[in-house]
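Each residue of the sequence shown is one higher than the one before, starting from 708 at the first, in our numbering.
A few of these clues could be false.
Stated by the list, open to error - DEER-style ranges, computed between Cβ atoms:
#, residue 1, residue 2, range
1, 938, 784, 41 to 49 Å
2, 1022, 936, 57 to 65 Å
3, 809, 839, 24 to 32 Å
4, 870, 839, 42 to 50 Å
Claimed, not checked - Here are the simulated DSS-like pairs of lysine-lysine, each with C-alpha atoms no more than 25 Å apart in a straight line:
#, residue 1, residue 2
5, 1044, 1064
6, 1064, 1035
7, 962, 1044
8, 1057, 1013
9, 1035, 1057
10, 1019, 1057
11, 1057, 962
12, 1035, 1022
13, 1036, 1022
14, 1044, 1013
15, 1057, 1036
16, 1035, 1019
17, 1019, 1036
18, 962, 872
19, 962, 1019
20, 786, 872
Think of the hints as simulated: they come from the structure by calculation, not from any bench. Here the structure is a predicted model, which means the values were calculated and not measured. Where a beta carbon is used, it is the ideal one built from N, C-alpha and C, also for glycine.
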Amino acid sequence: MDKNHLQTTINHNINQPLSPTIITIPNNDTRLYETDRFRQERASTNILSDLPRSRNLEETDENELPYPGFVETVFYCLKQTSTPRYQCLRIITWPWFERISMFVILLNCITLGMYQPCEHLLGLQGTKKCDTARCIWLQATDYFIFAFFTIEMCIKMTAMGIFGKGTYLADTWNRLDCFIVVTGLIESVIPGDNLSLSAIRTIRVLRPLRAINRVPSMRILVMLLLDTLPMLGNVLLLCFFVFFIFGIVGVQLWKGLLRNRCFLQPNITTEFDHPLFKDFQYRPFYMPPDQDSFVCSHPQSNGMTKCSEIPKLRKGNLTCELDFYTVKKEISEDPNKSINGCINWNQYYKFCNVSDKNPYSGSISFDNIGLAWVVIFQIISLESWVNIMYYIQDAHSFWDWIYFVCLIVIG
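Please work from the sequences and hints to get the whole structure.
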């Protein structure tokens, strides 16, 4: 083929003799370039015309935005090209912005751990004045952290908008950040002398949660954990049935038994003016000095503890052995008689009856299903469950250990 000519052979009829037809095309590079450009523009125009018009405009506008991942207009007037919003967008997309936020969050965690209210507030309880240098430094740091969080929220709201799809409050973690900042603002505006803000100050402990929004891997783990919570519904239902069944059994078996106490004999009086009788501290029922309660069982029941098993009274290293009636008779016969020893007042707590108190300030009992659930939760958590079992065995039966062992194994 010649460089300046293009020869094309066309066969007009396969039965006729072949005769070559030569078409000469001049080598004009300019005309070929213009023809190719025209065809490409027309092809692209045809492709765009086949798509919906709204899609073409949306894609065109999206590509023209400086920051395509954010909404085009916020506050009805600020576009991405507006100077204030453009600068805010540059700040929040700056990689060091999130790193600085993480540093401030870690600093806040350290300052919250360093705060010691009993040592820092040396003034009167009413004024609660911060006097120590450490407290003043921590307070100034807290003001700086709160100001940083507030400015950060304002910058993000200006860049992303507040309400709507893709805006600041559309994200759940941003709502948490906003809630923390608003409560801190309320705490700083309202004076503490006029209103108790202890409940608002406790929201400070939520500040470290802001770190979850800054670490993507941690955020994924937390969201995965929250997504699995609905799947635990069957487990919670099973726990409810366990609590309910064991609670009903406990109420039916031991309702009111933990109120049993050994009461004092009714005819015990201290009429005589004698040192042996003045040391008697009257109590309606027996209270052991080294335990919370002494739970007894009736003589006809199968309980393991009876009122006759109350130990003798001790005063220091001295064990009291004397009898009240014997001493009373001797003193009535000879008021000047010297008596050595002390009266064992514990031997007169003989009557096991129902009192108005349950062990551990009334928190441990099976009097109703609600209190039974509290006891069951304490047993499952293995918190002093042995003491509760001993109280039940003292008042009811030795074989009650089966209930507690089954509850621990199943629970």
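Hints versus structure:
For residue 938 and residue 784, the Cβ-Cβ distance of about 46 Å falls inside the hinted range of 41 to 49 Å, so the restraint holds. The hinted range of 57 to 65 Å is satisfied by residue 1022 and residue 936, whose Cβ atoms lie roughly 59 Å apart. Restraint check, residue 809 to residue 839: a C-beta distance of roughly 29 Å satisfies the suggested window 24 to 32 Å. The supplied range of 42 to 50 Å is met by residue 870 and residue 839, whose beta-carbon atoms lie about 44 Å from each other.
A hinted pair counts as satisfied when its Cα atoms are at most 25 Å apart, and residue 1044 with residue 1064 does not qualify at roughly 42 Å. Pair hint residue 1064 plus residue 1035 does not hold up; C-alpha atoms about 33 Å apart against a cutoff of 25 Å. Taken as a hint, the residue 962 and residue 1044 pair is broken in the structure, with Cα atoms around 51 Å apart against an allowance of 25 Å. Note on residue 1057 and residue 1013: the hinted pairing holds, with a Cα-Cα distance of about 9 Å set against a maximum of 25 Å.
For the proposed pair residue 1035 and residue 1057, the alpha carbon gap of about 20 Å is at most 25 Å, so the pair holds. Annotation: proposed proximity of residue 1019 to residue 1057 holds, straight-line Cα distance about 13 Å (limit 25 Å). Our distance criterion of 25 Å between C-alpha atoms is met by residue 1057 and residue 962, whose separation comes to about 22 Å. Of the supplied pair hints, the one linking residue 1035 and residue 1022 holds, its CA atoms being roughly 20 Å apart against a limit of 25 Å.
This hinted pair checks out: residue 1036 and residue 1022 have alpha carbons roughly 23 Å apart, not beyond 25 Å. For the given pair, residue 1044 sits about 36 Å from residue 1013 by alpha-carbon distance, which is inconsistent with the 25 Å threshold. For the suggested pair residue 1057 and residue 1036, the alpha carbons sit about 22 Å apart, so the restraint of at most 25 Å is met. At roughly 19 Å between alpha-carbon atoms, residue 1035 and residue 1019 fall within 25 Å of each other, so this suggested pair holds.
Only pairs whose Cα atoms come within 25 Å are accepted, and residue 1019 paired with residue 1036 is accepted, the gap being roughly 21 Å. A distance of roughly 58 Å separates the Cα atoms of residue 962 and residue 872; the hinted pair therefore is violated under the 25 Å criterion. For a cut-off of 25 Å, the pair hint linking residue 962 to residue 1019 is broken: about 30 Å separates their Cα positions. Only pairs whose Cα atoms come within 25 Å are accepted, and residue 786 paired with residue 872 is accepted, the gap being roughly 16 Å.
Comparing the model with each numbered hint stated earlier shows that hints 5, 6, 7, 14, 18, 19 do not hold.
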